[in-house]
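Participant: Model the full structure from these sequences, guided by the hints.
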Amino acid sequence: MKQPGFIRLATLALLSTLSFFSHSETILRLAYAENSQPVKDALHFLGQQVEEKTGGDIKVQYFPDGQLGGERELVELTQVGVVDITKVSSGLMESFSPEYGVFSLPYLFANVDEYYRVMDNP
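Residue numbering for the sequence shown is -24 to -1, 1 to 98, as defined by mature numbering (1 follows the signal peptide of the UniProt record, and there is no 0).
There could be a bad hint or two in this list.
What the hints assert, rightly or not - SDA-like mimics (lysine to any residue), calculated; alpha carbons at most 25 angstroms apart, straight line:
{"#": "1", "residue 1": "K63", "residue 2": "E1"}
{"#": "2", "residue 1": "K35", "residue 2": "L4"}
{"#": "3", "residue 1": "K63", "residue 2": "E47"}
{"#": "4", "residue 1": "K63", "residue 2": "L6"}
{"#": "5", "residue 1": "K16", "residue 2": "L53"}
{"#": "6", "residue 1": "K16", "residue 2": "I61"}
{"#": "7", "residue 1": "K29", "residue 2": "G46"}
As the list claims (entries may be wrong) - Beta-carbon label-pair distances, calculated as ranges:
{"#": "8", "residue 1": "Y91", "residue 2": "G31", "range": "33 to 39 angstroms"}
{"#": "9", "residue 1": "L4", "residue 2": "N97", "range": "15 to 21 angstroms"}
{"#": "10", "residue 1": "D89", "residue 2": "D41", "range": "29 to 35 angstroms"}
{"#": "11", "residue 1": "Y91", "residue 2": "E27", "range": "26 to 32 angstroms"}
{"#": "12", "residue 1": "D17", "residue 2": "R93", "range": "23 to 29 angstroms"}
{"#": "13", "residue 1": "E10", "residue 2": "G57", "range": "20 to 26 angstroms"}
It should be emphasised that the hints constitute simulated quantities derived from the structure, not laboratory data.
Yeah, the Cβ is synthetic: ideal placement off N, Cα and C, and Gly gets one too.
Facilitator: Okay, here's the thing in C-alpha coordinates:
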(Lines of atoms letter the chains of each structure in order from A and count residues from 1; the text may use other names and numbers.)
(Lines give C-alpha, C1' and ligand atoms only; values in the text may rest on other atoms or scores of the structure.)
Protein backbone atom coordinates (compact mmCIF):
# COMPACT_ATOMS: atom_id res chain seq x y z
CA MET A 1 0.00 0.00 0.00
CA LYS A 2 1.56 3.29 -1.13
CA GLN A 3 1.44 6.50 0.84
CA PRO A 4 2.10 9.34 -1.63
CA GLY A 5 1.27 12.00 0.97
CA PHE A 6 3.98 10.72 3.30
CA ILE A 7 6.55 10.57 0.49
CA ARG A 8 5.76 14.14 -0.56
CA LEU A 9 5.99 15.35 3.03
CA ALA A 10 9.31 13.56 3.59
CA THR A 11 10.71 14.96 0.33
CA LEU A 12 9.62 18.48 1.27
CA ALA A 13 11.21 18.14 4.72
CA LEU A 14 14.48 16.91 3.19
CA LEU A 15 14.62 19.71 0.63
CA SER A 16 13.91 22.37 3.24
CA THR A 17 16.81 21.16 5.40
CA LEU A 18 19.16 21.13 2.41
CA SER A 19 18.41 24.75 1.63
CA PHE A 20 18.97 25.61 5.30
CA PHE A 21 22.44 24.04 5.30
CA SER A 22 23.47 25.57 1.98
CA HIS A 23 23.50 29.07 3.52
CA SER A 24 25.51 28.17 6.60
CA GLU A 25 29.17 29.07 6.80
CA THR A 26 31.91 26.59 7.45
CA ILE A 27 34.29 27.18 10.34
CA LEU A 28 37.72 25.54 10.26
CA ARG A 29 39.53 25.13 13.58
CA LEU A 30 43.23 25.96 13.28
CA ALA A 31 45.39 25.12 16.29
CA TYR A 32 49.11 25.37 16.89
CA ALA A 33 51.43 24.95 19.84
CA GLU A 34 54.49 26.87 18.71
CA ASN A 35 54.82 30.33 20.19
CA SER A 36 56.88 32.15 17.57
CA GLN A 37 55.87 35.19 15.58
CA PRO A 38 56.77 33.83 12.11
CA VAL A 39 54.57 30.76 12.67
CA LYS A 40 51.69 32.90 13.95
CA ASP A 41 52.03 35.27 11.02
CA ALA A 42 52.08 32.44 8.47
CA LEU A 43 49.07 30.63 9.95
CA HIS A 44 47.03 33.81 10.26
CA PHE A 45 47.93 34.67 6.66
CA LEU A 46 46.70 31.21 5.65
CA GLY A 47 43.42 31.84 7.47
CA GLN A 48 43.00 35.24 5.82
CA GLN A 49 43.61 33.71 2.40
CA VAL A 50 41.04 30.96 3.02
CA GLU A 51 38.41 33.51 4.05
CA GLU A 52 39.26 35.82 1.15
CA LYS A 53 39.35 33.11 -1.54
CA THR A 54 36.02 31.64 -0.40
CA GLY A 55 34.28 34.99 -0.17
CA GLY A 56 33.78 34.52 3.56
CA ASP A 57 31.98 31.17 3.17
CA ILE A 58 34.77 29.51 5.16
CA LYS A 59 35.93 31.15 8.39
CA VAL A 60 38.97 30.17 10.44
CA GLN A 61 38.85 29.95 14.23
CA TYR A 62 42.29 30.13 15.87
CA PHE A 63 43.57 28.26 18.92
CA PRO A 64 47.14 29.58 19.36
CA ASP A 65 49.98 28.89 21.75
CA GLY A 66 49.03 25.38 22.80
CA GLN A 67 45.50 26.20 23.99
CA LEU A 68 44.35 22.74 22.93
CA GLY A 69 47.57 20.93 23.84
CA GLY A 70 51.06 20.25 22.56
CA GLU A 71 51.97 19.10 19.08
CA ARG A 72 51.25 15.41 19.75
CA GLU A 73 47.80 16.22 21.15
CA LEU A 74 47.06 18.47 18.18
CA VAL A 75 47.85 15.67 15.72
CA GLU A 76 45.59 13.33 17.67
CA LEU A 77 42.82 15.96 17.76
CA THR A 78 43.20 16.38 14.01
CA GLN A 79 42.90 12.61 13.51
CA VAL A 80 39.56 12.52 15.34
CA GLY A 81 38.22 15.68 13.68
CA VAL A 82 38.30 18.13 16.60
CA VAL A 83 40.96 20.25 14.86
CA ASP A 84 40.90 20.85 11.10
CA ILE A 85 44.33 22.45 10.55
CA THR A 86 47.48 22.26 12.64
CA LYS A 87 51.19 22.90 12.31
CA VAL A 88 53.63 20.43 13.82
CA SER A 89 57.29 19.54 13.35
CA SER A 90 58.35 16.78 10.99
CA GLY A 91 60.17 15.00 13.82
CA LEU A 92 56.89 14.43 15.62
CA MET A 93 55.20 13.20 12.45
CA GLU A 94 57.80 10.43 12.18
CA SER A 95 56.25 8.80 15.26
CA PHE A 96 52.95 8.59 13.37
CA SER A 97 54.38 7.54 10.01
CA PRO A 98 58.02 6.48 9.43
CA GLU A 99 58.04 8.05 5.95
CA TYR A 100 58.31 11.49 7.57
CA GLY A 101 61.76 10.51 8.86
CA VAL A 102 63.25 11.50 5.52
CA PHE A 103 62.89 15.16 6.52
CA SER A 104 65.10 14.60 9.58
CA LEU A 105 68.06 13.25 7.60
CA PRO A 106 71.06 15.59 7.70
CA TYR A 107 72.47 16.93 4.45
CA LEU A 108 69.67 15.42 2.39
CA PHE A 109 69.65 18.41 0.04
CA ALA A 110 72.73 20.23 -1.20
CA ASN A 111 71.04 23.64 -1.03
CA VAL A 112 67.69 25.40 -0.79
CA ASP A 113 67.14 25.37 -4.55
CA GLU A 114 67.49 21.59 -4.65
CA TYR A 115 65.04 21.28 -1.74
CA TYR A 116 62.38 23.29 -3.57
CA ARG A 117 63.00 21.43 -6.82
CA VAL A 118 62.35 18.10 -5.06
CA MET A 119 59.38 19.33 -3.02
CA ASP A 120 57.68 20.91 -6.04
CA ASN A 121 58.09 17.77 -8.18
CA PRO A 122 57.78 14.71 -5.95
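Participant: If a hint holds in the structure, say so; if it does not, say that too.
Facilitator: Here is how each hint holds up against the structure:
With a CA separation close to 24 angstroms, the supplied pair K63 and E1 stays within the 25 angstroms bound. Pair hint K35 plus L4 holds up; C-alpha atoms about 6 angstroms apart against a cutoff of 25 angstroms. Proximity of K63 to E47 is assessed by CA-CA distance (about 8 angstroms); at most 25 angstroms being required, the pair is judged to hold. Restraint check: the Cα-Cα separation between K63 and L6 comes to about 9 angstroms, which is no more than 25 angstroms; the hinted pair holds.
Between K16 and L53, the direct Cα distance comes to roughly 19 angstroms. Compliance with the 25 angstroms bound is thereby established for this hinted pair. The straight-line distance between the Cα atoms of K16 and I61 is roughly 13 angstroms, inside the 25 angstroms bound, and the hint therefore holds. Under the criterion of a C-alpha separation no larger than 25 angstroms, the hint pairing K29 with G46 is inconsistent with the structure, at around 30 angstroms. Judged by the Cβ atoms, the range 33 to 39 angstroms given for Y91 and G31 holds: they are separated by roughly 34 angstroms.
Distance hint for L4 and N97: a CB-CB separation of about 28 angstroms, inconsistent with the stated range 15 to 21 angstroms. At roughly 34 angstroms, the beta-carbon separation of D89 and D41 lies within the given 29 to 35 angstroms, and the hint holds. The hinted range of 26 to 32 angstroms is satisfied by Y91 and E27, whose Cβ atoms lie roughly 30 angstroms apart. With their beta carbons about 26 angstroms apart, D17 and R93 fall inside the hinted range of 23 to 29 angstroms.
Between E10 and G57 the beta carbon distance is about 22 angstroms. The supplied range of 20 to 26 angstroms therefore holds.
Violation of the numbered hints given earlier is confined to hints 7 and 9; the remaining hints are satisfied by the structure.
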